[in-house]
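*Asks:* Mapping to numbering that gives the first Met the number 0: the sequence shown position 507 is 506, numbers consecutive.
It is possible that some hints are incorrect.
Stated by the list, open to error - Label pairs and their calculated CB-CB ranges:
id	residue 1	residue 2	range
1	G398	E470	36 to 44 Å
2	P227	G519	52 to 60 Å
3	R29	P440	31 to 39 Å
4	A362	D536	34 to 42 Å
What the hints contain is simulated information worked out from the structure, not anything from laboratory work.
All values derive from a computational prediction rather than experimental measurement.
The beta carbon of each residue, even a glycine, is placed where N, CA and C say it ideally should be.
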Amino acid sequence: MTATHEVTNQVPLPYGHDTAADPTLLDALRRADAGWAEPELRELGRLAGSEQAAEWGRLANENPPVLRTHDRFGHRIDEVEFHPAWHELMRTAVSYGLHAAPWRDERPGAHSARAAGFFVWGQVEAGHTCPISMTYAAVPALRANPALDAELEPLLAAREYDYGLREPRTKRGLIAGMSMTEKQGGSDVRTNTTTAVPQPDGTYRLTGHKWFTSAPMSDLFLTLAQAPGGLSCFVLPRVLPDGGRNRLQLMRLKDKLGNKSNASAELEYDGAVGLLVGEEGRGVQTIIEMVNMTRLDCTIGAASGMRYGATRAVHHALHRRAFGKVLVDQPLMRNVLADLVVESEAATIVAMRLAQATDRTLAGDESEALVRRLGLAVAKYWVCKRGPAHSAEALECLGGNGYVEESGMPRLYREAPLVSIWEGSGNVAALDALRAMAKRPESVEAFLGELDAAAGADRRLDAAVAALRKELTDLSDLEYRTRRLVESMALAFQGSLLVRYGNPAVADAFCASRLGGDHGAAFGTLPAGVDTAAIIDRARPVIV
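Using the sequences and the hints, build the whole thing.
*Replies:* Structure, rendered in structure tokens:
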């Protein structure tokens, strides 16, 4: 065949990089007294930046899970089949302790170390992080039943991925899911109609329909149902002690916008066996810690996606030429890239601060518990809300190449809205911030104390905090303007952290644009005088 063209000006494949070579992430890890985790994190980062890991992510998404409700003889089996690449992703995540491992780790900063790993490995493929997150979040809820927790927690925390439906206590490691929402209520779980009838042996029989069940292939689920004493929390194993299948029937898998590699299901409990966790009537209070943990992971996940998008955009701009210059040397592209990096680093620094607050809260620090409670709702709302716009702009930096599936950017774009919806969409998260302030007014002062730690360091931040204090005292139309209030809180929180701990160029750009108002509605509208070179350089992929 006669050659018709020569391929030039194409960007090299984005492999052979250390995904953990992220200065904002590593600095935060050390501040959380988790520097001991850096060698293993860098090892994971090299794997995350490899062609092999990228191939696992591609295959897991191009070969989504398949529901098998019955075997060939007509017996109900309710199993979900996955491509082998999915299992490689899961095996890696579990072996590096990104699931429930920190609950059994007494080293300082264990949860911060796990958050950093979750951030790094999530850049490979986000779908499988759902069951990893559910497993992590299940433990604090399970601790409301000490006897049950003593049996299950060591298996949930084990660094062995033991896939397949078998009786939980016979396995080397367990994965947990969550099944809360129903058709008629969604986030309003108090309207759930699933019933739980107590039995003489101390178990309950659950009957009802669950509209959205995370990770239906898991070994056990936390769920909510109406017991005689009110809405209560239960654990449902997929396989019972006698080896028989529990009566959890998978009706269908959801066909979602993104998150294609991961199974999400609609299921029915037909007299399924459940074990009570906590007291009857305290289901929401019992499961709220699980929700808080998954909200932390939503924030980390959004930050992880932003970092991936920013580094991919910078990588492309470093190698692609247009209009006589390398893209990264075009002034307007530099503005766009720097803006994407600023948003990414602001998301990362606040996500890791909340992971640090989790460590300190578990160590008994009440002030940190207050910052965490309010900060989680605030950051979950804002950081997750920024993800879709960020991914769209990062995709656009690759031009038409970014719109093609082979680039991996469409998958990032489809995935981005998920974390803003999960565990309560924008309004739910924003209103939860109001609820936290009303229930624990002292949390407001703890939060403001966090912001005041940067007082005097930047006049734009000082002005933003002063305006926020005034806004917090205005109770008129408070619910109507909740989103504006929570956005202001999130921006001040990020600004305070960047001014104290971030790169000076990034902090200056953030305060000028996000707090000082010198910014347009789109990315790439940073003001003049920003050190774009220093900012962009922080997202330059590190070759290994």
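*Asks:* Look at each hint and say if it fits the structure.
*Replies:* Cross-check of the supplied hints:
1. At about 41 Å, the beta-carbon gap between G398 and E470 stays in the expected band of 36 to 44 Å.
2. Range check, P227 to G519: Cβ separation about 57 Å, and the 52 to 60 Å hint holds.
3. As the Cβ distance of R29 to P440 is approximately 34 Å, the hint placing it in 31 to 39 Å holds.
4. Separation of A362 from D536 is about 36 Å and conforms to the stated range, judged on CB atoms against 34 to 42 Å.
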